[in-house]
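Colleague: Here is what each chain is made of, one letter per residue.
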Amino acid sequence: MTTVPDARALPRQDRRRVDWRSYGLVSPALLATSVVFAASMVILLIYSFRAFTGGRMISAFSTATWRELLTSSFFWSVVGTTMKLGTIVVVITAVIGYVMALALYRLRNRTLRYIAFFLLFSPLLTSVVVRSYGWALILGDGGAVNNLLLRWHLVDQPVRMLYEFSGVTIGLVHILLPFMIFPILGVLDQLDPMLEQAASDLGATEWTTFRRVILPLTVQGVIAGSQLVFALAISAFATPSLLGGGRVQVLAEKIYNDVGGLDWPHAAVASYVLLALALAAIGAFTLLLRLQTGTARASWEYSR
Amino acid sequence: MRIRPGRALLYAFLVTGLVFMVAPIAIVVVESFNSSAFGEWPPPGFSTQWYGHLFHGGGFGAPAIRSLEVALVATAGSLVAGTLAALAIARYRFPGRRAFQGFVAAPLIVPKVAIGIAAFILFLKLGWYGSLGSLILAHIVLTLPFVVTLAVAGLARVDHTIEEAAADLGAPPRTVLWRATLPQMRATLVAAAAFSFIISFDELDASIFLVGQQANTLPTAMFIYMQKYQDPTLAALSSLLIAGSLVAGAAIAVLIVRIGGVRAIPGARQGAPAAALEEAV
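Chains G and Y are the protein sequences, given in the same order. Quick note: the first sequence, position 24, residue 24 per the numbering used here, numbers continuous. Quick note: the second sequence, position 79, residue 79 per the numbering used here, numbers continuous.
Accuracy of the hints is not assured; some may be wrong.
Said to hold, decoys possible - Just so you have them, the derived chain G footprint on chain Y, three or more residues with Cβ under 8 Å:
no., region
1, 18–24
2, 112–119
3, 179–188
Source of the hints: derived by calculation from the structure; they are not laboratory data. Note that beta-carbon positions come from the ideal geometry of N, C-alpha and C, so glycine has one too.
Just need the whole structure built from these sequences, with the hints factored in.
Modeller: See below:
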């Protein structure tokens with residue numbers, strides 16, 4: 001979806017077949033990304049083929065670390081927790097995000113719309129650590145939520161949420177919700193209002209219009225949002241560390257702990273497993289998006 | 001007006017969602033005035049002692065200055081390198097153009113923690129570990145995808161007739177760039193700069209591996225503090241940061257509206273992160 005202007009519209013000098021000046025222009029970005037990103041990722045891959053035993057690293061090629069981790073039930077439980085967290089966060093943000101995006105789309109009062117946007121996106125300006133800290137205050141045993149629950153005699157003892165999977169989930173949903181709402185709202189805003197009018201004129205109830213017209217046309221926004229949220233959720237580090245308190249182990253935390261223990265090979269393998277999961281998920285959602293747009297186009301053409 | 005229960009329910013849900021979004025931020029501000037040292041709830045009394053504690057021996061001064069330095073220099077570097085790269089991508093044909101565009105966007109799809117440990121090992125090998133320069137370089141690489149994506153989209157909207165007119169009137173290419181091209185993409189560049197600054201200033205996942213023992217940035221210092229202590233000093237600091245981000249956010253919003261509104265920023269509706277990710281895939 002690169003938006004390069006038509007070559008014929010460009011000034012004449014730009015139509016030369018190869019302009020070597022362009023390599024000069026890209027070189028700072030190319031150099032920085034090559035060194036800090038590409039070269040370092042290759043070095044990390046090399047380190048994943050080293051062994052770490054007895055507190056020291058052996059600098060010979062070895063697949064021992066890969067074999068050890070891929071057969072370790074503890075490692076798979078960490079992978080499981082990571083994927084479970086990503087999946088649950090996607091489902092929750094998709095449902096909440098869709099309804100909120102729909103409400104924002106329906107909201108016609110400009111002032112209220114601006115206020116809603118401000119409240120929705122201003123949390124993005126504050127650090128993830130600040131927001132996790134806020135949730136720790138709310139969800140703790142003596143925090144605001146448990147205080148209310150106890151005072152209203154809804155529970156006898158505090159509900160444990162902080163340093164539990166539920167607390168991490170709540171914190172991540174909060175951080176990633178805007179990333180779901182943004183793409184859904186983008187698709188909703190492109191919806192032709194005439195479609196809704198037509199459905200209504202043909203006697204469809206509001207619910208039927210939503211189910212048969214609006215939802216099918218905006219599913220691609222949900223898929224795009226889910227892709228972003230899932231990729232960010234499985235790689236999240238700060239929120240699971242701070243709200244999980246070591247009791248909820250995800251891959252990003254395991255990598256951090258391995259580095260703390262000077263165990264680079266294990267950290268390297270875990271990093272590449274995390275990268276593989278992220279790439280697989282992004283690929284799966286892209287495929288889903290293509291299938292969905294394909295189906296939508298086919299049915300549109302059929303209906304013509 | 002017809003009363004629609006469905007619509008009322010929808011708005012009620014929106015309000016609940018917005019309360020959820022604001023809750024952790026509001027609670028932090030309240031907590032910063034809590035007289036209790038271990039976050040007793042509801043606060044037994046009002047106190048400003050945590051702000052005093054913050055300024056006298058809180059240990060956040062140096063990290064705050066370091067974070068500002070890193071964010072400012074990284075933003076400037078990313079803006080220059082990213083705009084130059086975008087000019088090449090949008091204006092010239094050259095072998096490897098598509099590949100380069102994907103390559104620069106690639107750090108976006110790799111988990112930050114992985115980039116962090118990879119860069120940590122590299123910097124250690126090169127003897128750069130712990131230096132401010134290496135951290136800035138890493139932040140430039142992390143922010144480049146956003147700058148390049150925004151700038152390429154911004155360049156596509158630049159009116160070529162103005163550039164051609166400038167060239168026809170005898171302006172050399174450099175003058176055309178400065179006086180005809182870049183002024184037309186002011187809103188895009190402001191948005192890209194704001195994005196880069198926020199990402200760099202709040203960056204934790206990769207930076208936690210890259211800051212040396214004595215060179216914490218604000219997010220890493222706060223992360224480490226929160227793992228050790230639970231007193232409201234962090235709430236006082238967070239409240240100041242929240243106030244700062246709201247002021248900065250308002251300033252950026254006013255600036256963008258004065259330049260030409262949100263519509264002047266390409267991809268504003270879908271959200272730049274989503275657009276950048278799409279570009280990378």
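Colleague: Work down the list of hints and note, for each, if the structure agrees.
Modeller: Taking the hints in turn, this is what the structure says about them:
1. 18–24: holds (count 6)
2. 112–119: holds (count 7)
3. 179–188: Answer violated; 0 residues pass the 8 Å Cβ test.
Hint compliance for this structure: hint 3 alone is broken.
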